[in-house]
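Undergrad: Sequence:
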Amino acid sequence: DQAVGRLLRAGRLAQAFAVADSGRARVLRAAQAPARLAGLAEAQRQAWAARLEGAALAAEALRAHGTKAALVPEDRRAAWATEQARLEAAHDAAFEGAYAWLDAVAPIRGDTGATAAETQSRLAVDEALLAFARTPAGWRVFVLDRDRLTVHAADPGHAWPGVFARVDQYAHLYVVPGGHPQGFAAFNRGDEPPALRWTVSWLPHAGLLAQPSGEAGAAVVIGDPNHDLQGAFAEGRAVAEALGGVRLLRGQATVAAVRSALASAATIHFAGHGVLGDRDPWAAHLQLADGVLGLPDLLTLPLAGRPRVVLSGCETGVDAVLLDERAVGLAEAFLAAGAVSVVATDRPVADGAALAFMKLFYESDGATQPARAAQSAARALRANGNPHWSAFRVIGRR
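Under my numbering, the sequence shown has 849 at position 33, and the numbering climbs by one with no breaks.
It should be emphasised that the hints constitute simulated quantities derived from the structure, not laboratory data. Quick caveat: nothing in here was measured; it's all calculated off a predicted structure. All C-beta atoms, glycine included, are put in the ideal place defined by N, C-alpha and C. You may find that some hints are simply not true.
Said to hold, decoys possible - Label pairs and their computed distance ranges (CB to CB): (1) 913 with 1006: 43 to 49 Å; (2) 883 with 997: 20 to 26 Å; (3) 901 with 1043: 56 to 62 Å.
Model the full assembly from the supplied sequences, consistent with the hints where possible.
TA: Below, the structure is given as C-alpha cells:
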C-alpha cells in the first residue's frame, strides 16, 4: 500500500499500477507452490525452504520498522522513510528471488502480474480496465484503455462519476477489485446499474488478460452429483442437451470421472453444491458423487483445452474471496489451472433461480461469449423482478 502511494505521489502512475498488480498476482503464484514443490528432490526442497525463510525474515524486518512510524521525531522522518524504502526493496527482492528460483526448477502455470503497457496492449478497442488499489491516502482506481492511464479517487461510500465518465465510450469493462469493500456493490446499484450499462468481467489481477483463448472442443456437464438438487439435475440435462459432449449426472460424477473428463474440455458446466467456506477459503471445494474436488486438486488440474467454466452452485465465487487479494477461491483456482473464464455466484442461489439464469445464459451464446450472455440473462431476470439477477459474475476473459 505504501509503495503504491509513494509512486502515485511522485506521479509515476505506470510503476504504481505494476506494483499493485504484481502484489495480487503473488497470491495465485504462492497458491501453486505446494503442488510445484511436490515434484522436487529433497535437496531442492531444502533450498526452497532456505529462500523462503530469507523472505520471511525480510517481511518481519519491514513490519517491525513500519510499526515505529508514529514514534519517529520530525527531524528523523526522512531517514526513517529512506530505511523503509530500503526494507521494502529488500523484501520484494527476497520474495521475487525465491519464486524466480522456483520458477526455474518447477515452471509456473498461468500468468503473473502485468505492467501498464502490457495491459494496454491486451485490451481491445472497445475495452477498458479498472484496477482498485488501497493507498495511505485512501482508495484509488487505475483506469486503462489502449491509449491512456489515469488514476481517480474511489473511496467507499462516495459516487465515482469521474470514473464512469472516463469509460463511457467503451462496451466492456475488466475490473480488478483489489480488496475494495464496495467494488461489486457499485456495479449493481442505481436505476441503470453499471453492470447493465457495460458488460463486465472481474479479474484477480491484470496479468490474466494474457491467458490465451481456448480451443474448440467438447463440453463436460456435471449435474446434481449429490442426488439432492432436482433443479441442478434438470439444469444439467438441459445444458447437456444444448451443448452435447460428456454428461456426468448424479452418480456418474465421480472424482475419477470428472478429473479425466476435464483435462481436454472446452466448456465445463457444474450444477451442484459448491462450498466456499468464508472462514477458511482454502477449504473451498466442489462436491462430487463420491468425494470432493478441492482447491489443491483444482490448482493441479491439467486444463489443456483452456475451457470456459460455469459454476452454477451455491457460493462458488463469493465476493469475500475475490475482494480479498490474499485469498484464493474456486474461480481463481480454475483460472490458475488454465481456464479462460469462470462464471460463478456471489451468494447462495436457489436451484430454480440458477436454472432460469442458465437457460437465458446459454440462449445468448454463453459458452463462447459469457460476459455478454450473463448481462443479457441478468437484464431479463431483473425485468421480471428476480432478486438473483446480480448473483452471477464472470471472472476472467470476456
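Undergrad: Each hint should be assessed against the structure and marked as holding or not.
TA: Tested hints:
Distance hint for residue 913 and residue 1006: a CB-CB separation of about 47 Å, consistent with the stated range 43 to 49 Å. Take residue 883 and residue 997: their Cβ atoms lie about 24 Å apart, and the range 20 to 26 Å holds. Between residue 901 and residue 1043 the beta carbon distance is about 59 Å. The supplied range of 56 to 62 Å therefore holds.
Checked against the numbered hints above, the structure violates none of them.
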